[in-house]
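A.B. asks: Here's the letter readout for the chains.
There are 2 protein chains.
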Amino acid sequence: MAEVKLFGAWASAFSIRIEMALKLKGVEYEYIEEDLNNKSPLLLKYNPVYKKIPVLAHNGKPIAESLVILEYIDETWEGPTLLPKDPYERAQARFWAKFLDEKCLPAMWKACWSTGEEQEKAKEEAIELLGFLDNEIKGKKFSGGDSIGLVYIVGNFVGYWFGIIAEVVGLEIVTHDKFPNFCKWINEYNSCSFVKEYLPPKDKLTARFKAWFEASHASK
Amino acid sequence: MAEVKLFGAWASAFSIRIEMALKLKGVEYEYIEEDLNNKSPLLLKYNPVYKKIPVLAHNGKPIAESLVILEYIDETWEGPTLLPKDPYERAQARFWAKFLDEKCLPAMWKACWSTGEEQEKAKEEAIELLGFLDNEIKGKKFSGGDSIGLVYIVGNFVGYWFGIIAEVVGLEIVTHDKFPNFCKWINEYNSCSFVKEYLPPKDKLTARFKAWFEASHASK
Numbered sequence: 001m002a003e004v005k006l007f008g009a010w011a012s013a014f015s016i017r018i019e020m021a022l023k024l025k026g027v028e029y030e031y032i033e034e035d036l037n038n039k040s041p042l043l044l045k046y047n048p049v050y051k052k053i054p055v056l057a058h059n060g061k062p063i064a065e066s067l068v069i070l071e072y073i074d075e076t077w078e079g080p081t082l083l084p085k086d087p088y089e090r091a092q093a094r095f096w097a098k099f100l101d102e103k104c105l106p107a108m109w110k111a112c113w114s115t116g117e118e119q120e121k122a123k124e125e126a127i128e129l130l131g132f133l134d135n136e137i138k139g140k141k142f143s144g145g146d147s148i149g150l151v152y153i154v155g156n157f158v159g160y161w162f163g164i165i166a167e168v169v170g171l172e173i174v175t176h177d178k179f180p181n182f183c184k185w186i187n188e189y190n191s192c193s194f195v196k197e198y199l200p201p202k203d204k205l206t207a208r209f210k211a212w213f214e215a216s217h218a219s220k
Numbered sequence: 001m002a003e004v005k006l007f008g009a010w011a012s013a014f015s016i017r018i019e020m021a022l023k024l025k026g027v028e029y030e031y032i033e034e035d036l037n038n039k040s041p042l043l044l045k046y047n048p049v050y051k052k053i054p055v056l057a058h059n060g061k062p063i064a065e066s067l068v069i070l071e072y073i074d075e076t077w078e079g080p081t082l083l084p085k086d087p088y089e090r091a092q093a094r095f096w097a098k099f100l101d102e103k104c105l106p107a108m109w110k111a112c113w114s115t116g117e118e119q120e121k122a123k124e125e126a127i128e129l130l131g132f133l134d135n136e137i138k139g140k141k142f143s144g145g146d147s148i149g150l151v152y153i154v155g156n157f158v159g160y161w162f163g164i165i166a167e168v169v170g171l172e173i174v175t176h177d178k179f180p181n182f183c184k185w186i187n188e189y190n191s192c193s194f195v196k197e198y199l200p201p202k203d204k205l206t207a208r209f210k211a212w213f214e215a216s217h218a219s220k
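Sequences listed follow chains F and Y, in order. Residues in the first sequence are numbered from 1 upward in steps of one, following full-length UniProt numbering. Residues in the second sequence are numbered from 1 upward in steps of one, following full-length UniProt numbering.
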């Protein structure tokens, strides 16, 4: 049997993406929880460039960067596909996954964790990006594959993590009157059985981010 | 015949990537040069999120973001492949293409165009990243597909543009004693007939970036 190891961290949306994909495909794997303050020598050997989780090692061969790993999983194992078959639809899925990762996620993260002028700028940017998402999601599945596709998996931060963190830090930018389609999508996302089953429980994530928030305030 | 249109800018490495791929595959296309100071309504309609070139329109259906377009081209047209067949090698090609695009290119661009402390920081970062590249390239083709693969095409900025811009602005960070493998690769890159034939001539690019450099100094 092929040996599959995942080096991850339970509270990381990037790490959970890989677990979502492996579970969807029915791939058995060994999960290694990394201490992000004291990363293991094997993780650093496997990902010397970024020194980050997640890393997937398949028969001892490592792959880093969650979007790259997701495509690898889709190409390597059978089961429900993460990317559609049609090249144009594949391009659209890749475009939105990249957009979520490179634009939305950094702006939304910064809007939550920064302060003052930097936070105001990040909020403005996040609101603009949410406008694009709201428009794109309108009347669509916004999944990027079968029912749980690439975009759905990569969307775990905006669909699940962001709401939890925003509540912890008291940030209110996602309102139903401004982003009705996005809010509808989030509701669907959170009531999906796959998400409920495989994502970390809300109370556990809330406690983790509350601890971060309190620590960041205590140090100011 | 399928209608293929490329909205680009002749001096942009991102735009030329798409031309390299289309030419490699033998795809006929109409090229539309965009004025980046006054972008066409069609470009803005096709890429409302980023409002950037390149955009490929295939039978009126637009695709943005050069890495996404390159995968689309590889999946849509026959001819030499941009990505290898083996899933692990594909993942490696995607990893390095992403690394070139998201890490090297911004740091190298900033090292050229910023000043003072910001420039020093960018130079340091670029040197660290070049170290990873130098190590990776050692004894390898660093192409990511057939002879001219994805990594080779995405590498057009570090392999061609960067040397030209660095000379214009008087930046010397790529030296043979520090990065012997990278320098060897650059020499090979620049003497490749495909590169010679399809990349904008050095003197034309030099003149463009010299004009930028002088304009940026005049405005200070």
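Do not take every clue at face value.
Copies of the same chain are indistinguishable here, so a pair counts whether it falls within one copy or spans any two.
What the hints assert, rightly or not - Simulated pairs of lysine-lysine, DSS-like, Cα-Cα distance not exceeding 30 Å:
1) Lys85 with Lys51
2) Lys45 with Lys210
3) Lys25 with Lys178
4) Lys98 with Lys45
5) Lys138 with Lys52
6) Lys5 with Lys121
7) Lys103 with Lys184
8) Lys140 with Lys52
9) Lys123 with Lys5
These aren't lab readings, by the way, just hints derived from the structure by calculation.
A.B. asks: Are the hints correct? Go through all of them and say.
C.D. replies: Hints versus structure:
1. Lys85 with Lys51: between (33 Å within a copy, 27 Å between copies)
2. Lys45 with Lys210: Classified as neither; 32 Å inside a copy, 42 Å across copies.
3. Lys25 with Lys178: Answer is neither: 36 Å inside a copy and 45 Å across each miss the 30 Å cutoff.
4. Lys98 with Lys45: both (26 Å within a copy, 19 Å between copies)
5. Lys138 with Lys52: Cα proximity of Lys138 and Lys52: across copies only (23 Å, versus 34 Å in one copy).
6. Lys5 with Lys121: This pair counts as neither: shortest intra-copy Cα distance 40 Å, inter-copy 36 Å.
7. Lys103 with Lys184: within (21 Å within a copy, 35 Å between copies)
8. Lys140 with Lys52: For Lys140 and Lys52, only the inter-copy Cα distance (25 Å) is at most 30 Å; the intra-copy one is 33 Å.
9. Lys123 with Lys5: Close neither inside one copy (37 Å) nor across copies (36 Å); limit 30 Å.
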